[in-house]
Structures are given as structure tokens and as C-alpha cells.
Amino acid sequence: MPKRTDIKKILIIGSGPIVIGQACEFDYSGTQACKALRSEGYEVILVNSNPATIMTDPEIADRTYIEPLAKEYLEAIIAAERPDALLPTVGGQTGLNLAVELAEAGILEKYGVKLIGASLRAIKIAEDRLLFKDACRRIGLEVPASAVVNEIPEAIKLADELGYPVVIRPSFTLGGTGGSIAYNREEFADSIARALDASPVRQALIEESVIGWKEFELEVMRDHRDNFVVICSIENVDPMGIHTGDSITVAPAQTLTDKEYQRMRDAAAAIIREVGVETGGSNIQFGIDPETGRMVVIEMNPRVSRSSALASKATGFPIAKIAAKLAVGMTLDEIPNDITRKTPSCFEPSIDYVVAKIPKFQFEKFPGSETTLTTQMKSVGEVMAIGRTFQESLCKAIRSLEPSTAWRAPAEVTTALLREKLHVPGPDRIHWLFEALERGMSRDEVCSLTKIDPWFIRQMEDMVALDRRVAASSLRGISRELLLESKRSGASDEELAKLWNVKSASVRARRHELGVIPVFKRVDTCAAEFESFTPYLYSTYEEEDESGAMDRPKVVILGSGPSRIGQGIEFDYCCCHAALALKEDGYETVMINCNPETVSTDYDTSDRLYFEPLTLEDVLAVLEREKPQGVIVQFGGQTPLNLALELKRNHAKIIGTDPESIDLAEDRRRFGALLAELNIPQPRGGTALAPQEAVATAAEIGLPVLVRPSYVLGGRAMVIAYDLKTVEEYVAQAAQIGSGTDPKRPILIDQFLEDATEVDVDALADGEDVVIGGIMEHIEEAGIHSGDSSCVLPSVSLKPEVLARIRDYTVRLARALHVVGLMNVQYAIQHDTVYVLEVNPRASRTIPYVSKATGVPLAKVAARLMTGRKLKDLHLPVVDMNGVKELAVHDFYAVKSPVFPFNKFRGVDTILGPEMRSTGEVMGISSTFGLAFAKAQLAAGQRLPLSGVVFISVNDHDKRHVAAIAKDLAAVGLKITATRGTAAALTRAGVEIEAVYKVNEGRPNIVDLIKTGKVNLVINTPLGRESFYDEKSIRRAAVRYNVPCITTLSAASAAARGIRAMAGHAPDVAALQDLHRRKSTAAT
Amino acid sequence: MGTNLDDEESGKPYIEGLIVREFSALASNWRSSETAQAYLERHGVPVIGDIDTRALVRHLREVGALRGILSTDDTPADQLIAEARALPTMAGLELAGRVTTAKKYEWTKGSIELTAPIAHAAVASKGNGVPAGAGSLGTRSFASERSAQVKKGALAPEERRHRVVAYDFGIKQNILRLLVDYGCDVTVVPARTSAEDILAHKPNGVFLSNGPGDPEPVTYAVANIKKLLGRVPIFGICLGHQLCGLALGGKTFKLKFGHHGSNHPVKNLRTQKVEITAQNHGFCVDPESLPSSDVEVTHVNLNDHTNEGMRHRSLPLFSVQYHPEASPGPHDARYLFDDFIAMMKDAAR
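In the order they appear, the protein sequences are chains Y and L. Residues 28 to 1111 in my numbering are what the first sequence lists, from first letter to last. Residues 383 to 731 in my numbering are what the second sequence lists, from first letter to last.
You may find that some hints are simply not true.
Claimed, not checked - No more than 27 Å apart at the CA atoms, straight line, and that leaves these computed lysine-lysine pairs for DSSO-like:
hint: 1; chain 1: Y; residue 1: K1025; chain 2: Y; residue 2: K1038
hint: 2; chain 1: L; residue 1: K655; chain 2: Y; residue 2: K369
hint: 3; chain 1: Y; residue 1: K36; chain 2: Y; residue 2: K151
hint: 4; chain 1: Y; residue 1: K30; chain 2: L; residue 2: K655
hint: 5; chain 1: L; residue 1: K636; chain 2: Y; residue 2: K369
hint: 6; chain 1: L; residue 1: K655; chain 2: Y; residue 2: K141
hint: 7; chain 1: L; residue 1: K638; chain 2: Y; residue 2: K369
To be verified - DEER-style ranges, computed between Cβ atoms:
hint: 8; chain 1: Y; residue 1: S533; chain 2: L; residue 2: S414; range: 40 to 46 Å
hint: 9; chain 1: L; residue 1: L452; chain 2: Y; residue 2: A499; range: 30 to 36 Å
hint: 10; chain 1: L; residue 1: R424; chain 2: Y; residue 2: E508; range: 28 to 34 Å
The hints are simulated quantities; they were obtained by calculation from the structure and are not laboratory data. Being a predicted model, the structure only gives us computed values, none of them experimental. Virtual Cβ for every residue (Gly too), placed ideally from N, Cα, C.
Working from the sequences, and respecting the hints, build out all of it.
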């Protein structure tokens, strides 16, 4: 059936900032949808607040709005653009919820916008657990027994009847936020209260526990002619009870017979029809009782999801792209399969390999958080690996996680500990599983403790047994047959090296000597039944190689691996841009990455895609096959950089800045010497390997000091120490986890510049010329990790002479380091002195933001520079600033603000520090700084109030400055309340104020006020250790009750400006395409 | 997952060997009664594992279906190749007669239930805010809804009884189970049963089964179909479809590597809907060879546009190339059994 002609303009809503449960998979799906609709001739209007996405590149949609995903802003965009239709199913839960909100508020009707892809009714049925359960029962399907509750006492009564354990799921939340399992009434009472709070409609479902059952997902598609296909079946290795996003999963399903699988397929078809999802993709989850085979339907997502991204990568079937085409009326049989070209998309992919997905956790970032895995998702990213067998793909997935330190069992492992680690699922259970099997625990016991299907455990047992045989041999003594068998089951060179206590380079050499080298096979949707035209490849130890590597000028780009805090979508964005730019320049582009959520692992992004772990062994195997002219390591964050020197030693041609330069910039001693030589100041610093040495160094530098390990990512494990005891403790602790004991990688101790302004600079260099991309002023003072700070471009308060110095230093640093490509410098300005904090001659987290703000795609330019092109030939829109070339800025302010996952980690303090904890970012654009900041805050989920009550509690240091802010807020009509100390200071300064009790002073205290919704904004700067508990409870309450909470004075000041600017101001929206056309002005 | 008796499609496996990348030694499934290895050993089917099966598929895709030989001893490759070359090709072999039942028999078993009904404590029906329906759990398994309906007598008695005689050219048992589910009394007869003997059963319908190999040498069946055409409603599957094609005056030809698998998209030309089907055939009806005045092409394969189904324009006969009974495979084409019932009802009027 031909596509619809009654619609021309289509609005797509993105998923906003990266948060746990909603990550770059929606950039992948949204980008695909935009491209698919434009290729069919539709005009696409895109809204997303996240600048680090490919979808918000101005080339992807016709009109791109980087605006808060809030109803009033969407209405303003709809009013301006007048789209005919809204596609709500490619922007995750955020996009879907917002579409529902717009529909229910009558806005879609008012402007004549049709919902396509899923009707409001279908969304409601699928999303409302109760309506969904009723729908399932209507068609004769079983669901877990359950009840919906709104009140706590009623909930407890029903839970008692149901019998414990009971599953609690709040309605309408992301990634199962607020969901949990309660094993007794006490736990239940606590959990249900939290769940009701988490639900925007104060509703939760309590449910019969199916914990321990087998869990499956089907990714299905339907077109409006009722054609129905299953794209992929996914089996969770971890049983029911662990959120699927936190489970190890495999595709296709491994432990179902055809009859059982077809029963599930029939059920899925019946569900999508009954729910009424007329076109597009859905994800349906099932639980199966392993004892009886009883099958229950768990839930459905009537949209593309994290699992559909995984299914797309696992099969080569682009679900989001096809879903977009189906939404405009096309049918599956008239859309060709990209990979085979000759066959239609109306089929079910067959898979002749096994795909394993493992989540990436970062509990270490959130000390004090509960690490047990439950029905609420806690992982920050995931890896996927492809192998010909379960064993091979599992091993590849495990090494794709690239842990900073290898997992090691504690010195003493008792049977009790082992049993507990298997029974209570934590982030490292897979390692404990192997540990248990190595220690000879029986399969039956492992199965009964973990509820993992015996088939998987048997596979792991076989791996352990094979390892034993290999260990009994030796590097020289091993036969080709045994080595091949071991490699075929997935063992890495590094693991073999460990078994034999030799270097992995020796294993590699021996492997080559014996001719045991991998081949590459294709992911082709059809298990080789038809010829494939897209080189989407994975390595395996088999006979036939299908890579079809061509002898063309080509460049290999190393991706950034699993998303994690500090290394997220921004780096994938840069890798994609490198691929796009070099493709345009006529190179064959080759991507290596293992993150299934990303745009970089879309087979469309590069000419050739290798879905492989980013380890030396796996990367070298690809390089040996492809023999590229160049390898790009500076775009994927720390992951490829960690490989750079070794790759170079193995004769890889790394293009761009020399890895030695990158290394130099990371090496404190050598870098310090360089700065001294250049006469550029840096904070005083030193290194230490032991606690006593650290104390001496810190004393010499002078307190406060910043203490951290070498080679950091996102500022892992940093601390600001105001006393020597903290320094000593930190170093002792670091030594325990094996950090800082390696003489080559000591603990770093630096002078901490209090109250300094921090500045980030991104620059481009070609070895001769340097162009400054942007000078970003941080809103939070130095000491807050740069990834956790809001920042503004252009800067708002830096003096011209300071800017001039920053420019001068940047240019000299780029030249001194012979930078070819990108360089990021972090500066701190204290009393007009500019200090260099850090130089990273590589892509930084801020590249996408600067690119969106300036309209110049920095990563693309940098990729070209790496292949030898020159800045002077690329005709960038630069202006001359103090004799330095700088990208022209426009007549608007762009503010970047971080987004934090505190609502996922109970009990964790929300105070910011040198440890990066944000998962994502948003951008606010407006003509004034205040408005831009307010928009960024709103986009980040902090709606600054225009009326109501502001609570202020600040430390003595900040009391001097807080009065001006309070006056500003009061002038807009906000009431100010404060605890005693701050209240006294404010009263003295002439601010009208109402005092409130601290937590330990009486009731109602400030936390009570927050809980009862009587506070609309919290400004709370940390007072120090003494009142730590009090403050933490205030900040936790703010997070829990979704009250904006500001923890630095500079951010409070910016917020006050924002509130003033917003008062009486209608939402202002502007398309990126218009903004970039507006008159460029010179930076001040 | 191992094997179980409920999932058997014939009295014994008819494959002569199995080639796999990885052979799973463990059976882990609540219905499993035997490991795959024990089952195959019991039936004397050799298995070779650790083979680059994808390379093998790619090879067959390029050169077409080949004769092959499995060897576990150290016979030189040259000699094995020569032996394989000496094997007869499928074309021209009459195989249906070798695999058919020796005697006619009645078939009475319907589809199995995957889950035994379990009693559940109904929860929630007492609580506030719980709409009717919540907490009351159905226990009937969805996949067998139809058979449950039949067993419970949901269909009127006069609708339930259809006498069907099924020709066994190598019949899959799930076809028989579905016929029973759909209210048929089924008699299975040997491939060479004459049209007259069939008609002596006074059947409401005749079913022509699937079966191995080339349809052309199965001339006796073609002759019988010609005699039955117009006298009794006929439904054919796979080889049964090809035999109908020949009986209606058409021709069949050998495909390069056939259709094998459970994901073949077939378009129903009457409804324009696509069904995902299970297929396993090396020969195919040439739709150009069919007399278009008598025969309507009803189904086409979307991968290679070969014929997948047809019906007679005036007489009660239809047939499909693929396997609507699936097992293994998707159940999208089960409606054809409804069509068969409807055709028999029509003819009875």
C-alpha cells in the first residue's frame, strides 16, 4: 500500500538526556526514523533537549529544536511549525509520555496534529498495567495475579492475601523506577510508599511473584494491513526478578522447543492486535514457569525500546527505520530488506550465531547504594557480542565490558559467601558463577541458587572444564587442536596468558605460529540463505572468511564501548562524525565497537562495521584483515586511547595526534615540565604511592588538595581534601582496590583552587594552525567535575584579558603537543590568574555541545585534519580574537546542564564533587543567559518555580553572597524560607524571611515541608561534615519529591537570573537551522 | 532441550544424518523425556558437530542442492566424493511409496496442551480499586484454544463431524492432530489407495499429504486425484500441492536449493496479507503451466516469487506448497484448515 499523502510534515519527539533506562538507543532509533521519513519525502521536525545526539545534527531533520521536552515548549513548536502528524514511538518513554500529555491536553487536536504509529488508546492499554492485563485476559492469556493500589493500608492488606514475595511496580515510570520486590510485610510497607511516590499518578501494581521463572522477550512488528512478524526472540539468562535491562540476555532464545516458542509468538500476535498497535514495533515480555511450562505475559512496550535496538543489532533488521515507514502507511512487503536487497522486509530474520548482551554497572560511583539487582534498572550501559556459540559470545561480551580492573574473588571465599553471591544477584554474579563452578559446586546447586536454566550452567561448566585442560598444557606444549578448541569457545589471549602465567603477546605469537586466527562472518538477517550487501561482521574461529576486505583507501575508527558515566554518547557522536566526514572524503570507513545502543553500530553509519570487543586482540585481528591507511583512536574516549600505544607498537598506523603526545599529556611529570617550559601556570601538585608520602606531599602543596588516581575517566574516585587525615584515608583506600600502587600510575595530589571559575576549551589543530572551537564558562565553581557542571557558551563573566590569555595558552599547548585533530583544555581562573588543570589532546565530552552551539561540526573537521587536510583549506567561519582564530559565536547563549541518576540510587547523597556522576546532558538556548539556564534546568528535569517558596540553607562562606540572590527571588514574588543561621544572615541583609526548623530542631521541619509539597526550590550548599546528615536528608527529600535542588551558590545565582528572565515570558523556541543562519558575532 | 514424544511428527526420524555447528548434550526443558543424543542414537542417526555450517550453507546457495556423504572413518576424500556422486539424485525418484503407511488406520489424537491447568489463589478480587477481572486467572493455554473449544463441545455436533480421508505420502502428524482439533474423523490411507477405495469411505473431504522428493514419478497419485477432482473436496499440502498441480495439467520443476526453514514470507493474493510459513521442498509447481481458466494462483513466495498455492476456480480443490500445520514453524496459515472445513460444509449442502 502506498504511503500516506494526507500528511507532509511529521513531528518526532526524542528521548531527552541520557538517563538510566533510557540511553543512546533512542538516538539510534530516532535518527533512523528521521532518515527513513525524509527518504520517503516527508518533512521532519525534531525536538530533543539532548545536544549530544546524532539526531539533533542539523542535517538529520528538516527542522531541529533543541528545546526542553515540556508541554509548553512542544506547544510553541507545534504552533510555529504546524506539523500534520506526530510519531510518538521512537523517543522512548519520554517521547511517548509527552505525546500522551499533548493529546490529553487537547493540543494535538487544537493544531490538527494526528498521532501516527500508535493511537492514544493503544498507548493507554499497553502502558496502563491494569488495562493491559485485562486485554491479555480477554484473549485468553495468563498474567500474574495482581492488584492496582493507590493507598498504603489497602496495598498491605492485598499483599498479605497474595503472599510474599510480592512485586511492586509503580505506574508510568522509566526503566522500572521505584519498582522492587518485597519478601515480607515490613519490606513491603517501605517499598509501596516509595513506589506510590515515584508514580506520577500515585498508582502502583502489586503482583504475584514470578521471581525465578524463565524470562523471554519478543520484538515484533505489525503493519496496518495486519502483517505481523517476530524480528527477534531474546532469552534472559538471569531469571525473572531482575530487570531485563540489568540481565544478561541472549538471542535467539536458547531453551524453548518450537511448540513453546510458537505459543509465545501466537500470544504476541494476539496481544499487539488486541492492544491495537496498528503499525510499528513492540516489545512483549513473557515469563515461563520452568517446572510446569505455565506462561504468563509480563508487559509490553508499544514503541521501539532498548530491546528493539538490541534486536536490530542482533539480527541486522532495522526496526526503528521500518517502524517509521509503517507509520506512514507502507506495508512490510513493499519495503526491501537493505541487507539482501532482493527480498522484502516482511520476514522473520534467522540467526546462525548467538548474541549475548551484558549490562554495565557503575555502583562504585554511588557509594552507599544498594547493589542488589531488582526489577528497577540500575545499569548505565551494555555491551553486545556475537559468536557462533553461546560460549563464544558470552566470553566476547564479558571482555567487551573492559573492566578497569580484572574481577578477582576476595582472598577468602567461604561456601556461605559463594552461596550468597549466587543467590542474591549483584552486578558481578557472572564472575561468581564461574568461581563457584571452578570450586566444584554442583550444577544442581548453582541452578537452585541462581534459578538460571541448567542449559546455561552446563555451558559454563564445559568452559571451566576446557580451561582446566588448557591450563594443564603450556604455551609451548599446547596442540593446535586444543588451542583452536579453546579459542572456538571464546577464550581470549589474555585469559590463556593468565592460565599459563605468560604475556598475552606470547599467546598471540604462539597462536599465529599455529595458524589459529579468526575469520569474519556476516550478520545478514537470513543465515546465509541470500547474498548480503552490507559488511556487518563479527569474528569467530571457523573455516570460511566472508569479510571481503577490499584494498581501498580506508580508515578504521575505534568506538567507545559500553556507555558509562564519563564516557557516553558524546564519544559515539564523535565516532559517527568521523565516519560521515571520511565517507564524504572518499575513504572507506570501518567502525569497531561493541555497544548495541549506538548510532555507530548501525550498519548504515560506516561502510563496514565490525561488532567486536575493543580489546587489543580483537582490534588487531580486524586491522590485520583490513590493513587500513589509518586508525582513529582519539574520538572514542579512554577506551581506544588505552589501546593506542600498544596498537602503535603493533604497527597500526594511528592518525592524528601521536599517541605519545596523548600519553605525555597524561603524564604529570612530563606534562608539568612542558607547562613550565611554556611558562603556563598550573596548580601545584605531586604524586604519591603510599599514605605517608601522600600526607607529606599534601602538606607541602598546602590544603585544600585534590586527590585522584592517574588515568582517570570521568574523574573516577577523586576527592577534595581539606585535612591531611582525608588524604591518608583516601590513599589507603585506593591501595586496597589496587589503584595507585603501580609506580607508573601513582596517586595524584594537586593544589585545589577554591572559588575559582572553571573553563573548558575545545580546539582544532592541524599541526600548524589552531582554531578555538569554544570557550565554555562553567557555572559551578572549580572542584565540581567538569562533566557535572553546567556551562555556558559564550562566556558571561570572563574578563577580556583572561579570555586573551586562555586563547594564547590554548594555541601554544596545541602546538607544543603537536595536536592534529581535537584538543580539550580545562582551566581554572582564580584572582585573574589562568591555571591549566588538564589537557586532553582528544575528543571531549563537550564536542557535540560546541558543535550545536556554533553550527560547526568539530569532530568532522578534526577527522579531516587527521587525514592530512589543513584548517586553512576547510574555510571555517572564524573570527580573529587577540590574534587567534576562533569559531564565530551567534547572538544567543547555549547552556549545557547535566542530568543525574540519583533517583535510581537510594540513600546516595546528591552533592556534587570531583567525582563525575551525571549520566547525560541537555542544552538550553535563548537570547539571554538567564533564560538559557532556566531552559536547560527545565530540560534536565528541574522546573525552576515562578511562585511559591524557596528554601535557602548555605554555609558561612556563601552567606556573604546569598543575600543578593534571595533579594532577586523575592522581587519576583517568591517567598524565602531558611534555617536559623542562614535566616539570620538574610534578615540582617534586609530580606524578608520565614525561619524553619532543621531536621533535629523540631517539627514540622524542612524535610516535612519538602514532603508535603510546601517548598518549590531548594538552595543548599554543603556546610561540612557536622551537619552532613541533616543536609543529606534535605537533598534526598528534594530528589524523592522532585523539588529542584541547587547545591552551589553560582548555580543559585544563575537560577535567580533564569527565574527573573522567565517571569512573564512565553516559551521561546527556535530551530537550529535558523539559529545557525543568524548573524554571527564575535565573542566578547 | 532434548526431545519428547508429543513433538514427534512421524514414527521415526527420516533424516539419514545431522550436521551441526554445536550439539547440545544437555536436555533442559519441563517436557523433555530424552536427550537429543539418546533419541538419535536410538534411531541410528549419525551426527557430526563442530562444522562451519554457515560456510556449508553458502556453498549450497552458490552451487545448489548436492548429494553428500557422512563418514567417520578414514576413507580417502576422493573415494567418498566418488561414492556421493554415484548416489541417485532426487529428480525422478518415487519416494512417497517408500515412506507411506502399509495399512490404513484411524487417527484420533488432537493437539497437546503445553501447560497442565493449575489452580491459582485468586487474589485481588476483594480489594478496592480493582476492576472486575483482575485476579481471576484463566488457566487455558492459548495455543490450543481451538482444540479446547472443540473438546468442550463449543461447536455444534453436526458441525463437528467431517469424515476426512488422508493420503499418506509421508504425512506429518501435526496435520492429523489439527484435523482432529477441527472436528474431523480422520482415516489415513496408503499412497497407492485407489480413488474408488477412497470414495467407498464416503468422505466429506480428501487430504493430500506432504512427502519427500519429486512429484512427477508419483503418477498413480496424479491419476487418483484426477478421478477424485470434482467428486469430493480436496486439500493438498506440499507434495500434495505439487500432485494437484500435475493433476490439473501443470508442470513441476526442481529448485536450485529449495525452500527450507520457518521464515518464508508468502503473500495471499486474495487478501493481500502476508503469512510467515514453514517450508521444506525442493520441487515447485510452475504457475505458467497451469490452465488459468481452471486454476487461480492464490499464494506466492515473496523471496523468489515462486508459486505457493492455488485453487480450482469451479471445483472444490485448493492446495498450498508450504506447511500450514507448521510444527515446527509459525501458525499464520492455520486458517487454511478453516477453509477446508468450510469447503466440506459447502459441498455437503
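Consistency of the hints with the structure:
no., hint, result
1, Y:K1025 to Y:K1038, "14 Å, holds"
2, L:K655 to Y:K369, "19 Å, holds"
3, Y:K36 to Y:K151, "25 Å, holds"
4, Y:K30 to L:K655, "17 Å, holds"
5, L:K636 to Y:K369, "21 Å, holds"
6, L:K655 to Y:K141, "26 Å, holds"
7, L:K638 to Y:K369, "17 Å, holds"
8, Y:S533 to L:S414: 40 to 46 Å, "45 Å, holds"
9, L:L452 to Y:A499: 30 to 36 Å, "32 Å, holds"
10, L:R424 to Y:E508: 28 to 34 Å, "30 Å, holds"
Violated hints are absent here; each numbered hint is respected by the structure.
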